[in-house]
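S.K.: When you get a sec, could you build the whole thing from the sequences and use the hints?
Spelled out, the chains give:
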Amino acid sequence: MRSYRKELLFNVPSRRAFINITGQVEECLRESGIREGLVLVNAMHITASVFINDDESGLHRDFEVWLERLAPHEPVSSYRHNVGEDNADAHLKRQVMGREVVVAVTGGKLDFGPWERIFYGEFDGRRRKRVLVKIIGE
Amino acid sequence: MRSYRKELLFNVPSRRAFINITGQVEECLRESGIREGLVLVNAMHITASVFINDDESGLHRDFEVWLERLAPHEPVSSYRHNVGEDNADAHLKRQVMGREVVVAVTGGKLDFGPWERIFYGEFDGRRRKRVLVKIIGE
Amino acid sequence: MRSYRKELLFNVPSRRAFINITGQVEECLRESGIREGLVLVNAMHITASVFINDDESGLHRDFEVWLERLAPHEPVSSYRHNVGEDNADAHLKRQVMGREVVVAVTGGKLDFGPWERIFYGEFDGRRRKRVLVKIIGE
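Chains as they are written, first to last, in the working numbering: chain P, 1 to 138; chain B, 1 to 138; chain E, 1 to 138.
If you are wondering where the hints come from, they were derived from the structure by calculation, not from laboratory data. There could be a bad hint or two in this list.
Identical chains share a label here; the pair holds if one copy fits it or two copies do between them.
Said to hold, decoys possible - Computed list of lysine to aspartate or glutamate pairs in DMTMM-like fashion (alpha-carbon distance at most 25 Å, straight line):
#1 K129 with E36
#2 K109 with D86
#3 K129 with E26
#4 K109 with E68
#5 K6 with E36
#6 K129 with E74
#7 K6 with E64
#8 K109 with E64
#9 K129 with E85
#10 K129 with E7
#11 K109 with D54
#12 K129 with E27
#13 K109 with E56
M.R.: In structure tokens, the structure reads:
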């Protein structure tokens with residue numbers, strides 16, 4: 001069994017953003033040389049997500065509006081976590097979108113359906129954050 | 001390390017449905033001959049889910065009503081994604097229910113608690129769609 | 001490839017609770033002797049979750065209030081699943097928080113960001129329940 005590890009770095013200038021990281025994960029897979037196995041891609045921070053969905057800007061706007069309805073940022077004081085912080089909503093939004101994805105590796109490629117793309121979801125940006133790519137297989 | 005891959009095919013006649021696929025995943029595991037490892041089961045489409053919960057029709061009706069309340073299909077025009085499409089709600093519902101499950105394989109069996117069953121969740125059916133089963137181990 | 005399996009046992013005296021199980025998973029990892037691979041940690045019951053977030057009591061109170069708003073326990077009779085049961089909301093809450101986490105193992109440690117901690121989320125306690133820890137690697 002072989003394994004590979006890499007951290008991807010982000011410093012999003014806005015509070016929230018969705019960033020397509022599929023190409024970066026494919027580059028990791030090429031570097032690893034692994035042809036059969038599993039890739040784990042996870043946010044290393046608890047106010048961010050890694051998820052798989054469509055690379056379509058209208059949908060990303062729909063996600064933003066929907067998450068703000070399910071777990072609004074304001075009023076900041078409505079959350080007990082927000083003592084000297086204002087990011088409680090980011091912890092909640094991340095639960096809806098998920099921490100991680102696990103993707104099959106087949107024949108040296110991400111084994112994807114036609115529209116699957118991997119995204120980093122930032123819910124409390126304006127600081128340096130990391131995503132972990134771990135690949136095991138052979 | 002050994003690996004196994006299979007696609008399960010679906011063509012659900014309705015827009016939404018929950019289908020118990022536990023037996024199909026068990027059949028894959030038998031075919032693989034793998035006795036210790038992990039099974040990844042994921043939707044290959046971004047308007048569908050794979051999840052683990054109870055095989056109980058009342059609960060499935062509760063899921064349907066609840067998801068429609070969290071991410072309503074109508075009004076279709078309220079979503080920016082719905083330009084020539086009407087499935088934005090399906091992309092959102094799939095995030096709540098999840099894309100994938102990872103299940104332990106122990107002694108050649110799915111290592112499950114008493115009521116765990118694997119479901120395919122369709123949120124935009126009436127077309128051909130796929131689920132990927134990838135098993136690694138030995 | 002090596003594999004390791006252990007069940008963690010819980011009997012939460014209240015209906016709902018969040019319990020930090022990071023130390024127990026680290027103990028499993030030490031016992032396994034595995035240095036590179038993946039850990040799967042999953043609830044074996046369908047009214048409970050395993051998730052990764054912050055070990056902060058204010059945030060846990062925010063999760064409790066938020067989940068009760070998204071999937072209220074009362075009125076119990078509003079759920080079709082609740083025929084002789086009262087835990088339909090627990091099945092829904094578990095979908096929001098997730099069944100499982102997959103964590104990278106690097107150099108014999110859980111490969112975590114600074115604030116990542118693993119929690120057992122109980123939504124229908126007052127009975128004996130289990131969490132599965134499965135580790136594969138070498």
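S.K.: Work down the list of hints and note, for each, if the structure agrees.
M.R.: Each hint, compared with the structure:
no.: 1; hint: K129 with E36; in the structure: between (29 Å within a copy, 23 Å between copies)
no.: 2; hint: K109 with D86; in the structure: neither (40 Å within a copy, 31 Å between copies)
no.: 3; hint: K129 with E26; in the structure: both (20 Å within a copy, 24 Å between copies)
no.: 4; hint: K109 with E68; in the structure: neither (35 Å within a copy, 36 Å between copies)
no.: 5; hint: K6 with E36; in the structure: both (18 Å within a copy, 14 Å between copies)
no.: 6; hint: K129 with E74; in the structure: within (23 Å within a copy, 37 Å between copies)
no.: 7; hint: K6 with E64; in the structure: neither (28 Å within a copy, 35 Å between copies)
no.: 8; hint: K109 with E64; in the structure: neither (30 Å within a copy, 35 Å between copies)
no.: 9; hint: K129 with E85; in the structure: within (17 Å within a copy, 35 Å between copies)
no.: 10; hint: K129 with E7; in the structure: within (10 Å within a copy, 33 Å between copies)
no.: 11; hint: K109 with D54; in the structure: within (19 Å within a copy, 34 Å between copies)
no.: 12; hint: K129 with E27; in the structure: within (19 Å within a copy, 28 Å between copies)
no.: 13; hint: K109 with E56; in the structure: within (23 Å within a copy, 37 Å between copies)
The structure fails hints 2, 4, 7, 8 (numbered hints given earlier, in ascending order).
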